[in-house]
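> So you can see what is in the structure, the chains are spelled out below.
There are 2 protein chains.
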Amino acid sequence: MSPKVSKEHKEQRRAELLNAAKTVFIEHGYERATMKHIMDEASVSRGGLYQYFSSKEDVYEALLEEGLNTAMEDTEEILKNEGVSHWDLLMRRLFGEDHDPDRMDPMAPSNLEFFITGRNDPRRRKYGKERYYYGLKIYKEVIEKGQACGEFSKKYDSDLIARSMISFIDGLALDHSILDSEDVKLKEQSLLFVEYLKMALEVE
Amino acid sequence: MSPKVSKEHKEQRRAELLNAAKTVFIEHGYERATMKHIMDEASVSRGGLYQYFSSKEDVYEALLEEGLNTAMEDTEEILKNEGVSHWDLLMRRLFGEDHDPDRMDPMAPSNLEFFITGRNDPRRRKYGKERYYYGLKIYKEVIEKGQACGEFSKKYDSDLIARSMISFIDGLALDHSILDSEDVKLKEQSLLFVEYLKMALEVE
Numbered sequence: 001m002s003p004k005v006s007k008e009h010k011e012q013r014r015a016e017l018l019n020a021a022k023t024v025f026i027e028h029g030y031e032r033a034t035m036k037h038i039m040d041e042a043s044v045s046r047g048g049l050y051q052y053f054s055s056k057e058d059v060y061e062a063l064l065e066e067g068l069n070t071a072m073e074d075t076e077e078i079l080k081n082e083g084v085s086h087w088d089l090l091m092r093r094l095f096g097e098d099h100d101p102d103r104m105d106p107m108a109p110s111n112l113e114f115f116i117t118g119r120n121d122p123r124r125r126k127y128g129k130e131r132y133y134y135g136l137k138i139y140k141e142v143i144e145k146g147q148a149c150g151e152f153s154k155k156y157d158s159d160l161i162a163r164s165m166i167s168f169i170d171g172l173a174l175d176h177s178i179l180d181s182e183d184v185k186l187k188e189q190s191l192l193f194v195e196y197l198k199m200a201l202e203v204e
Numbered sequence: 001m002s003p004k005v006s007k008e009h010k011e012q013r014r015a016e017l018l019n020a021a022k023t024v025f026i027e028h029g030y031e032r033a034t035m036k037h038i039m040d041e042a043s044v045s046r047g048g049l050y051q052y053f054s055s056k057e058d059v060y061e062a063l064l065e066e067g068l069n070t071a072m073e074d075t076e077e078i079l080k081n082e083g084v085s086h087w088d089l090l091m092r093r094l095f096g097e098d099h100d101p102d103r104m105d106p107m108a109p110s111n112l113e114f115f116i117t118g119r120n121d122p123r124r125r126k127y128g129k130e131r132y133y134y135g136l137k138i139y140k141e142v143i144e145k146g147q148a149c150g151e152f153s154k155k156y157d158s159d160l161i162a163r164s165m166i167s168f169i170d171g172l173a174l175d176h177s178i179l180d181s182e183d184v185k186l187k188e189q190s191l192l193f194v195e196y197l198k199m200a201l202e203v204e
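Protein chains in written order, with our numbering: chain U, 1 to 204; chain A, 1 to 204.
Chain U with its partners taken away, still in its complex shape (with noise of 0.2 angstroms):
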């Protein structure tokens, strides 16, 4: 077998053990979940999962890592474009592709778990501070590019616009886990934050 037949095989085996694993935190968050589960939902040997990640801790950073790796990539593509509409790209990263104002990341309540738990541990704590600069950077970005071309007020420092919106999410994400969905009114709450955003950037 030929080197790259074989790295190509290996990261397929890898996706399919994280998208397990996404089942398995999903159903169960993070605490509860264990690695033994992990086995169990993808069919694999205790061999076959250790061969790719040594912990769950290992695991859970990379799908975290997956979901913010993409929406980097995907930002940079669309920053490519001319006559890009920043304020779409905006909407995107806050609400997906489908712009739904209705939907909430499966996984927020197992990522809330993740870092609330594990605050205390240095090394847990340095990967939190990571993830939050690098996400912030996403929104920085757009935010700053829409302001150099005009089509966002320079009101508000970019820097400050973007951590508001991590503020936002992460809120409605606490909320969301803690409350049945109809109490949580996550599509009345987001349009209200997107007319603060309108406001903040002065969009019309």
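The set of hints was computed from the structure by calculation and includes no laboratory data.
Any given hint could be a false lead.
Label-pair restraints from in silico Cβ distances [as the list claims (entries may be wrong)]:
| # | chain 1 | residue 1 | chain 2 | residue 2 | range |
| --- | --- | --- | --- | --- | --- |
| 1 | U | Glu204 | A | Glu202 | 55 to 61 angstroms |
| 2 | A | Glu57 | U | His9 | 48 to 54 angstroms |
| 3 | U | Ser43 | A | Ser43 | 51 to 57 angstroms |
| 4 | U | Lys137 | A | Ser153 | 32 to 38 angstroms |
Below 25 angstroms or equal to it, Euclidean Cα-Cα: the simulated DSS-like pairs (lysine-lysine) are [stated by the list, open to error]:
| # | chain 1 | residue 1 | chain 2 | residue 2 |
| --- | --- | --- | --- | --- |
| 5 | U | Lys137 | U | Lys155 |
| 6 | U | Lys187 | A | Lys154 |
| 7 | A | Lys187 | U | Lys140 |
| 8 | A | Lys187 | U | Lys154 |
For glycine and all other residues, C-beta sits at the position ideal for the given N, C-alpha and C.
Assemble chain A onto chain U, guided by the hints.
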């Protein structure tokens, strides 16, 4: 000893125990704190603590209620005054008596832990929901009364604005638990949120 004195004594003892528990939860967080930590901090025996509280969860709920009840009583008291500024009252609820936007409740990280890790426990979930709606009621009442007397615009529903206030606070509390203070830019984000509220309530 008259029953009245005995009751007062009991209430004072209970308050002392809650104070000690608060110190413990701020230091250890909810999950890692134990009843033994509270006994040591309050210098009481096991019996002395269990006479007042049956479990760590019981202690924690008492602390949570204390904070919310104080906020509710304070709000009701201020709303009784003629010519009250509903805007000032809203700022007081958000940032405390001194309106300091750089302050964060030191209990916030443990509060998040308490609700996030317990989100699949039916009792904790029910409690979280009750607490959410009780907190919502406080903000909502201030906004409604401000709208009724013409101080605030009726452009947006009081319920929705009140919910967005909770989401914002929850999001900031979350970021503050995971990141260092200098990374959160608490003050700047809070001031931008105040701008948002001015926009939503049409306040100058």
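> It remains to establish, for every hint, whether it holds in the given structure.
Taking the hints in turn, this is what the structure says about them:
1. At roughly 18 angstroms, the beta-carbon separation of Glu204/U and Glu202/A lies outside the given 55 to 61 angstroms, and the hint is violated.
2. At roughly 49 angstroms, the beta carbons of Glu57/A and His9/U sit within the given window of 48 to 54 angstroms.
3. Our hint of 51 to 57 angstroms for Ser43/U and Ser43/A holds, since their Cβ atoms are close to 56 angstroms apart.
4. Judged by the Cβ atoms, the range 32 to 38 angstroms given for Lys137/U and Ser153/A holds: they are separated by roughly 36 angstroms.
5. For a cut-off of 25 angstroms, the pair hint linking Lys137/U to Lys155/U stands: about 19 angstroms separates their Cα positions.
6. The hinted pair formed by Lys187/U and Lys154/A meets the criterion: a straight-line CA distance of about 20 angstroms does not exceed 25 angstroms.
7. Taking the CA atoms of Lys187/A and Lys140/U, the gap is near 19 angstroms; set against the 25 angstroms cutoff, the hint holds.
8. A threshold of 25 angstroms between alpha carbons decides the hint, and for Lys187/A with Lys154/U the separation of about 20 angstroms falls inside it, so the pair holds.
Hint violations for this structure: number 1 only, all remaining hints satisfied.
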